[in-house]
Amino acid sequence: MTDLRIDRTLENVEKEFLTLGSLVENILSQISELIKKRKFAPDSLELVLDCEKKINNQDRRLLKVCTESLAKESPFGMDLRFIIAVMKLSADLERMGDQSRNIAYLIKDYLNHTTTKVDQDIIEMCNQVQWMVRTSIEAFMKRDVLLAERVRENDQIVDDILADMRSKCTDMMKQDTQLVETGIDQIMMAKNFERIADHATNVAEEVFFVVRGHQSFDSYKGDNL
Amino acid sequence: MKQVVEVKGVSAWFGSLHVLKEVSFSVHENEVVALIGPSGCGKSTLIRCLNRLHEEVQDAKISGQVFLEGQNIYGPNVDAVTIRRRVGMVFQKPNPFPGLSIFDNVAIGLKLAGVHNKAILQERVEECLMKAALWGEVKDKLKNPGLSLSGGQQQRLCIARALAVSPPVLLMDEPTSALDPLSTASIEELIAQLKKTVTIIIVTHNMQQAARISDKTAFMLNGELVEYGRTTEIFTQPRMEQTERYITGRFG
Ligand SMILES: Nc1ncnc2c1ncn2[C@@H]1O[C@H](COP(=O)(O)OP(=O)(O)O)[C@@H](O)[C@H]1O
Ligand SMILES: [Mg+2]
Chain A
6 MTDLRIDRTL ENVEKEFLTL GSLVENILSQ ISELIKKRKF APDSLELVLD CEKKINNQDR
66 RLLKVCTESL AKESPFGMDL RFIIAVMKLS ADLERMGDQS RNIAYLIKDY LNHTTTKVDQ
126 DIIEMCNQVQ WMVRTSIEAF MKRDVLLAER VRENDQIVDD ILADMRSKCT DMMKQDTQLV
186 ETGIDQIMMA KNFERIADHA TNVAEEVFFV VRGHQSFDSY KGDNL
Chain B
27 MKQVVEVKGV SAWFGSLHVL KEVSFSVHEN EVVALIGPSG CGKSTLIRCL NRLHEEVQDA
87 KISGQVFLEG QNIYGPNVDA VTIRRRVGMV FQKPNPFPGL SIFDNVAIGL KLAGVHNKAI
147 LQERVEECLM KAALWGEVKD KLKNPGLSLS GGQQQRLCIA RALAVSPPVL LMDEPTSALD
207 PLSTASIEEL IAQLKKTVTI IIVTHNMQQA ARISDKTAFM LNGELVEYGR TTEIFTQPRM
267 EQTERYITGR FG
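Sequences listed follow chains A and B, in order.
Take 6 as the starting number for the first sequence in the numbering used here and just add one per residue.
Take 27 as the starting number for the second sequence in the numbering used here and just add one per residue.
Just so you know, not all the hints are guaranteed correct.
Covered by chain A, per the in silico footprint, the following chain B stretches (three or more residues, Cβ under 8 Å) [as the list claims (entries may be wrong)]:
1. 34-47
2. 264-277
Going by beta-carbon spacing under 8 Å, a handful of chain A positions derived as facing chain B [as the list claims (entries may be wrong)]:
3. 79
4. 84
5. 85
If you're looking for bench data, these hints aren't it; they were derived computationally from the structure.
Backbone N, C-alpha and C define an ideal beta-carbon position, used for all residues, glycine too.
Chain A on its own, in the form it takes in the complex (with noise of 0.2 Å):
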């Protein structure tokens, strides 16, 4: 195929919105090494409320980047269609920034608590959501449908493990008026992530709009009926 002026102008876009998805990459796998290895250095929250700043930073420049080249290529079809969604998904990228900023503020107060049963639970959420985050971004990039599917369908699984939480950290303040504190802090966390994981759901089910033009896998399968 021919060199086209088309295709170059996509290749920066998705160059882009890499630079994109790997500061959001690089955001989630700053908490997660907190949470894991719990040590929280004095400069631990200033790494992550830089790396925020990058995203929103990268989130204008994308959209920048989009804004010119549909006044200059006026794409159509899957070209139209791929840089309408990279325009949405870069918001949902910047909101995952925001609320990793907030799992941050809140991984300093929890360290300080002390261990709880649901502690594992953190962990288990937060390497779902790393790896739907990963997936969903490497399934649009490929425009891989199938991909996309299991990271939507992963999506419940951590809606089960929040729901799973919540009726333990309820139990374990109910027992123990010490731990409302933890409790609070875990609930919350888990909500953030938990939110995480609906945008990373966004992000793949762009995939099948980019695709097929619907946006998703059941109306694609309709499209065949």
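Using the hints, position chain B with the ligands against chain A.
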């Protein structure tokens, strides 16, 4: 909505060259339909089949049916000249009649159709020039030659001429490809106005133009109609792989 044009299994040849293959589609009242596709795919031939111009070429052949407001224009005893009066045509290069004034360029169609009353002619010419968004620019120089106008104005004059006999359908074959962006914009604006009273089928190789001005788009390839549908869908989520490749500029 009323079906104004219905094309049923139309095939066309130039000698032994088979250039249209079983093309079928229909166009409703007040619709603008854009025909797109690579050069040589048969767009011009297709619209020339809609007003019986194709048969004017030596050794040209056509089969199938074309219904104009319910009447098969290839039926027995149908007069090609009458059909051409009901299906106006505007070409790529503006072609005002040389030697005729602006006024007469528009009036001539009416005169040929038997209108000779001066007052009526005056009124109809003014009305058509207005419809073609040209009146304001020419009302003080109606006696000047049509060819004295700019390219964009000449094209609008040709549109006014086509409108003079009130055709239900107007065919346009790349009507803006020889015009500058400003004249192009005014023709596009005009099309949006005209569609209230005329059904328009327009060939264009400018994809943005097709997207801007048409309600439906037909994509042709090698004499076949690959996909026909709402313009918004054709340009955002076409069903056929070939259409997707063409509209995203990845053809061939
Ligand atoms: N007068 C003609 N005589 C012979 N072949 C022609 C003539 N006009 C067009 N063709 C051929 O018919 C095919 C379709 O042409 P046309 O309808 O003009 O395509 P388009 O308008 O899509 O560019 C082309 O292969 C072209 O070379
Ligand atoms: Mg042509």
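Structure versus earlier hints, numbers of those that do not hold, lowest first: 1
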